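Trainee: Sequence:
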Amino acid sequence: YRKQFKMPTYHSSFNEAKGQEVCGAMVLPVKTKVKGPAPPAPGDKIDVIDEALDFFRANVLHRNFQSQGPADLVLCYLTVWIGELIRDASKKADKKSAQQTVTQKSMSTSFAIPGDSSFCLAGFFKAPSGRKDSDLFRSYFRQIREETQLRLFDKIFNEDGSKNKWWFQFAKKSFMNVQRT
Numbered sequence: 001y002r003k004q005f006k007m008p009t010y011h012s013s014f015n016e017a018k019g020q021e022v023c024g025a026m027v028l029p030v031k032t033k034v035k036g037p038a039p040p041a042p043g044d045k046i047d048v049i050d051e052a053l054d055f056f057r058a059n060v061l062h063r064n065f066q067s068q069g070p071a072d073l074v075l076c077y078l079t080v081w082i083g084e085l086i087r088d089a090s091k092k093a094d095k096k097s098a099q100q101t102v103t104q105k106s107m108s109t110s111f112a113i114p115g116d117s118s119f120c121l122a123g124f125f126k127a128p129s130g131r132k133d134s135d136l137f138r139s140y141f142r143q144i145r146e147e148t149q150l151r152l153f154d155k156i157f158n159e160d161g162s163k164n165k166w167w168f169q170f171a172k173k174s175f176m177n178v179q180r181t
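Each residue of the sequence shown is one higher than the last, beginning at 1 in UniProt numbering.
Please keep in mind that the hints were generated in silico from the structure rather than gathered at the bench.
Errors might be hidden in some of the hints.
DSSO-like mimics (lysine-lysine), calculated; alpha carbons at most 27 Å apart, straight line [stated by the list, open to error]:
hint: 1; residue 1: 165; residue 2: 95
hint: 2; residue 1: 165; residue 2: 105
hint: 3; residue 1: 18; residue 2: 96
This one's a predicted model, so the numbers in the text were calculated from it and none came from an experiment.
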């Protein structure tokens, strides 16, 4: 007889925060120098990107995710995004070429948003109610995609430029079997 251990799913601590929402997701404050609509977060506090990076290795192993609020949608999106960045970086021989590839991808403004048939998390997000919502969603998520990529590279590559095996082992994992952002 073996007792089954169920790994917990981590949720955002910002689910109770008040603020602007877009497509059901909260526009949360972020510590960043990347331009965009996110309100600035205090430098000494954690933000949703810190949470996504900290929770990634536990959450990516789950096939189901029960959203507990609008900040969880941002966390969910970033978990899929981090997985995609790690997969892309794992295909490159060195840190420099990996960084070029994912930087270009993160700065792109042509990515699927809720309401698009190719949006990978359509069951979680509401479609934008108009042009203003779609512009805000695209702008906010481009900003946090770019900031996430910047922070991620400090974690997935060692100081000597070699790949950090503790992160790259997740290159083949996909959160909720979702592979595209």
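Trainee: I'd like to know which numbered hints this structure contradicts. Please list them from smallest to largest.
Mentor: Number 3 only.
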